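Let the sequences and hints guide you as you build the complete structure.
First to last, the sequence lines map onto chains Z, D and P.
Sequential numbering of the first sequence, starting at 1, is according to the working numbering.
Sequential numbering of the second sequence, starting at 1001, is according to the working numbering.
Sequential numbering of the third sequence, starting at 2001, is according to the working numbering.
None of these hints come from the bench; they were simulated from the model.
Incorrect hints may appear among the rest.
To be verified - Calculated lysine to any residue pairs in the SDA-like style (CA-CA distance at most 25 Å, straight line):
1. Lys2193/P - Gln2234/P
2. Lys221/Z - Val284/Z
3. Lys40/Z - Thr2283/P
4. Lys198/Z - Arg353/Z
5. Lys2193/P - Leu2257/P
6. Lys43/Z - His2277/P
7. Lys221/Z - Gly2138/P
8. Lys2076/P - Ser1420/D
9. Lys1249/D - Ile117/Z
10. Lys2187/P - Gly1402/D
11. Lys1048/D - Val2268/P
To be verified - Stretch-level coverage of chain P by chain D, calculated; a stretch enters the list once three of its residues show a Cβ under 8 Å from a Cβ in chain D:
12. 2160-2168
13. 2177-2189
14. 2232-2245
15. 2256-2270
16. 2274-2280
Being a predicted model, the structure only gives us computed values, none of them experimental.
Backbone N, C-alpha and C fix where the C-beta goes; we use that ideal spot for every residue, glycine too.
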Amino acid sequence: MTDNLPETTHDDHAGVAMQEPIPDPGLPAHEWRPTDVDPKAEKRAERQVAGLFVLAIVGAIGFIVSYIAFHVGDNPDTIGNLGASNVALGVCLAVTLLAMGAGMIQWARKLMADHEIVEMRHPASSSQEDREAAVSILQTGLEESGLGRRPLVRNTLLAAGGILGLLPVIMLRDLGPLPGDKLDHTIWDLDTWNAEMKAWWATQNRTLQRVVRDVVGTPIKVTDLEIGDLVNAEPEVLFQTNPDTQAPLVEGTDLLVDKSKAAVILHRMLPSDIVSSQTLNWSVDGIVCYSKICTHVGCPISLNERTTHHLLCPCHQSTFDLADSGRVLFGPAARALPQLELTVDEEGYLAARRDFTQPVGPSFWERG
Amino acid sequence: MSLDTSKIADTNKDRPATAKKPNRAGAVAGWADDRLKLGTLTKVFARKVFPDHWSFMLGEIALWSFVVLLLTGTFLTLWFTPSMSESAYEGSYTQLRGVPMSDAYASTLHISFDVRGGLLMRQMHHWSAMLFIAAMFVHMMRTFVTGAFRKPRELNWVIGSVLLLLGILEGFAGYSLPDDLLSGTGLRIADGLVKATPVVGTYMSFFLFGGEFPGDVIIPRLYIIHVLLIPGLLLALIGAHMLLLVFHKHTQWAGPGRTEQNVVGYPMLPVYAAKAGGFFFMVFGVTALMGALLSINPIWKYGPYDPSKVTAGSQPDWYMGIAEGLLRIMPNWETHIWGITISWNVMIPGQIIPFVLFGMIIGWPFLEQWVTGDKREHHLLQRPRNAPTRTAFLAAMVTVYGLLWAAGGNDILATHFHWSLNSITYFMRVAIFVIPPIVFYVTRRWCIGLQRQDNDRLLHGYETGIIMRSAEGGYTERHLPISEASAYTLTARNRDEIHQIESDVDENGVAAPDTRVARIRAKLSRGMFADNVQKPTAEELEEARHHAEHEHELETGLDHPAAGHEFDDHQLRDAGDVPLRQH
Amino acid sequence: MRLLNRPLGRLSRHRRGPVAGLLVVVLGLLLTGGLYAALSPASAQTDNSAKLIKQGHQLFLVGCSFCHGTNGQGVKTLDGNQLGPSLVGVGAAAVDFQVGTGRMPAVQPGPQIPQKEVTYTPDEISALAAYVASLGPGPAIPNPSDYSLNGLSDQQLQEMIAKGGQIFLTNCTACHNFEGSGGAMPKGGFAPKIRGVDPKYIFEAMLTGPQAMDTFSNGNLSVDEKRDIVAYLQSLQDNPDYGGFGMGGIGPVSEGLFAWIVGIGSLVGVAIWIAAHTARSTTRKDSEVEDTQHEWEKAEHR
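If you want it as structure tokens, here you go:
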């Protein structure tokens, strides 16, 4: 195909290069619509458009009626099994809008003059004279300002502008505190506790923090769990209240921050199923405890297969082996799920011997 | 002190502007014109011509969705509380009574259950956000595949690309605001993505969330970004986008009387205004209908965000599906070296590939212009088949997007089609590299086939569907010439020019420094255009016509066409009674 | 008269069912009376349960032993695959769930046994359950009072639902989705849809951990907490769909599909309608085209 290419010139204006093998026959003659030539059709179209606008009015009235008629809140009305207010308001609004839209479009299509008109294009660029004029104006400006002749003024101005641009960046510093070693510890570590928590702990006469059921906060005995049980659990301090004020020790967003690192799952399996010695040593009668936070990007994971002890993340499907130190079996997560060393405390309840030995959750640069 | 102004002219021209006593409307118009020169503006803009084609209205869907977003969004701000302070819920939704939750979540429940029409506005807002971005995509695909981004419209393409990016960010910020379980999970993933940034990841995360995730500032911060910062940028860029559209005038399809020098269509006033205005109401109406009947983001079922809770089917809104899919199919590569961690498994899909893709989108017009060396202005659109490589590239990119979206919903696919989750992921890891090239190849050959068919129609006419039997018993189909208008339309396109290196050496016989670049360019040019079918030349068309006449001569004296020319039927070309196909 | 029309075999099985046992007790009371009569139910029931177990074993040998072994000990194939797991200690609740929901008997082993038509009658299921329960101690079929929500005040129910929702979102949604629509598990497994499932089976599933599901024994989630979950699921079922049709209740993926297909689909349709050329007439107007065009337009045309 390359040999019969015509000479193509790169002229400024399009079209010059286009050598048409067939000449442009020009715009076809205008043809009338039935509504242009048949008064009956015209009348019909007019009624159609007006009918649509009337429908729009009906829809709007329906909207107002629905607004007053249907209850929301405590005891909402229903239509079928749908919320009545939402359906009625929405459908009436849709009828109004669609009828208005259809009416306007139909008006334009059937009744408005439909002669296509022609507008000429002009090149997007300015003319050569204008360009030259612009250049000379800029030149004049440059000369009159003396920007070129006074490098000292220019350079100091540039420096001032640059440093001014730095100020907003500096001002963003207080957006948040520096990370410090916050990501390395969780609230399982008793040293991270505040004074209020420590005061409560002093009343407990215990040395190990219990692993308690999420939502209800009750401690767990080994005998409570059967083989195959999965418990979504938390550190007990998150459920305690200040004995004096009765206010929770941790609440609000602090609670969410702590949960986002400290949430764990307990799973009881046959001790003979456990593969790695770490998992065995850190378990109690086949009960293992792992971080619930995925090492990929931090989703909570608790989709466990009882039969295989494989734990799946619902966000990106990383799969971990609970019988084998939380090893990654599948998916985008790169690191094993951190295991929490489990033991029983003085009263026979499941408790953590210490904090996780590595940061939980997603990877970060200085994690190591 | 009062001044008698009756004698003072209210303009500095030679006659007073208020000489005549106009009617009321005229008076208002005159008052405004005196100050705003509205008359001239009206004269210039009110009869602006817009060509009529359905594919030119796709951008309008996006524009009108944006208007719906502004209207419904403003309504929502009247009740929404962008705060993460917690309290126990005591509102109308009994299932959650007594549950501690943030004010943001509680106020979203309030909008949904206690404000009449609040749920409708919420759902319309969310639906129109999905439509806004989807329409931008469709509009962009149309612009791409027809070559409407070519000179002088490259800047408008860049603005459009930035609008798309901003729209996606705006959507993400928006669906994170209710602070429900799903949006919180989305933010959790965003936190993971940010943390994976080399060197400064944790700092960025702590600055973004005002401390450790989730902190108590992210919702208010996202709120101001969502209702002020990004909408402001969007508005400004949409304004610029529209101004450039008016300035460049709309592109049009080639056809009789429609050339590079003109634009043919309906005037702004009244036809286009009525159609565009009507379309606004249609977009608004469809959104209202979807808001009325299709439940979207039922946050009351997700519950308030809690970092220890999660739900199956945790997906982002569709436009983030590409990032989600990439995250899911990425192999688990991570480097631990010198006490640092580099999470390729998060960085590559979350930070590198999306921006590479976005760079490709923005850069295409400039790449194509560099390869073709075409510095002309283009106002006539190319049919997708006439740019086979570009069309095939788009098809491949759409396939990539579709595959990644499917990968992002692999758990949904697994449950609905009873496939294995793991198999889908393994399949996608391979498919993302295999299927797009296949789609590219097939689309390209398909386009070239269509080009060939166009040339056949030009040279030999169209297939009438009439089967004729010759005296010898052979069967052939009768062809008739296409109309002059269709023939012109088919030929109204540029020939592709393949860039060739003139010489490896410069005029002094020394190896030219930019030969390597030129060679790449020539290679790309050949790859893009060498296989394309060019339109027939005037001579070829003449020959075809001559051939028909020759056959006509042979047939004089025969009562049937000459052997081998039974079915050409070119002699019928000018006969008035032969119906010519009008396309 | 339906009773008389029963085939004999059905009648005899029926007599051995738990209801029939009660009937025997009542009959015994009526006939013998006194202290002897008062003692007789126990012996009748013991006798009855032994019969039930025997009958269950018969059924087991026919329908279950191929995979689970003749004594419910489980079967391993020669290449080491577990054909059917051991049923020792799974308890009556597991049988009642598996057979009662139609998961067992399975057509073939696989990553997950799908639900089918229920093949056994309630009496046969209780016989099977009695047999499997006799293999080793395991969870019994729960008492209706454990999961029934009857007779609770609105206030009580409301508190249960709110608490149940939190327990549900913590323990169940990860696999079964926020609306109980189900979700995917590794290697072809899936967590089934649990919306609209009989509360008894919900309760039994938590108790016994069917197939790959974890167990939520009474020491893990107490009976009351399980009932809270049942109450929450029931409330999801009872509540109207406030915002319209749920599109499968699977979250943003189906929402995205609807945005494209319904939203963009219909709006592109509207765009095509707006730009479509209307019907043309061959009739010509008296006043011709030129007259209606404005002067300046014509000028520009030139």
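Hinted pair Lys198/Z and Arg353/Z, Cα distance within 25 Å: holds, 17 Å
Does Gly1402/D lie within 25 Å of Lys2187/P when you go C-alpha to C-alpha? Holds: Lys2187/P and Gly1402/D sit about 23 Å apart, inside 25 Å.
Need the status of pair Lys40/Z, Thr2283/P: alpha-carbon distance at most 25 Å? holds, 14 Å
Sort out whether Ser1420/D lies within 25 Å of Lys2076/P, counting only the CA atoms. Since the Cα atoms of Lys2076/P and Ser1420/D sit roughly 24 Å apart, the hinted pair holds (cutoff 25 Å).
Taking beta carbons only, do three or more residues of the segment 2232-2245 of chain P come closer than 8 Å to chain D? holds (count 9)
CA of Lys1249/D to CA of Ile117/Z, is that 25 Å or under? holds, 14 Å
Verdict on chain D covering the segment 2160-2168 of chain P, criterion of 3 CB contacts below 8 Å: holds (count 4)
Given coverage of the segment 2177-2189 of chain P by chain D, tested with a Cβ cutoff of 8 Å and a minimum of 3 residues: Per the Cβ count (11), the hint holds.
Hint consistency between Lys221/Z and Gly2138/P [alpha-carbon to alpha-carbon, up to 25 Å]: holds, 19 Å
If you draw a straight line from the CA of Lys2193/P to the CA of Gln2234/P, is it 25 Å or shorter? holds, 14 Å
Given pair status - Leu2257/P, Lys2193/P, alpha carbons within 25 Å: holds, 21 Å
Mind checking the alpha carbons of Lys43/Z and His2277/P for me, to see if they're no more than 25 Å apart? holds, 20 Å
Comparing the model with each numbered hint stated earlier shows that all of them hold.
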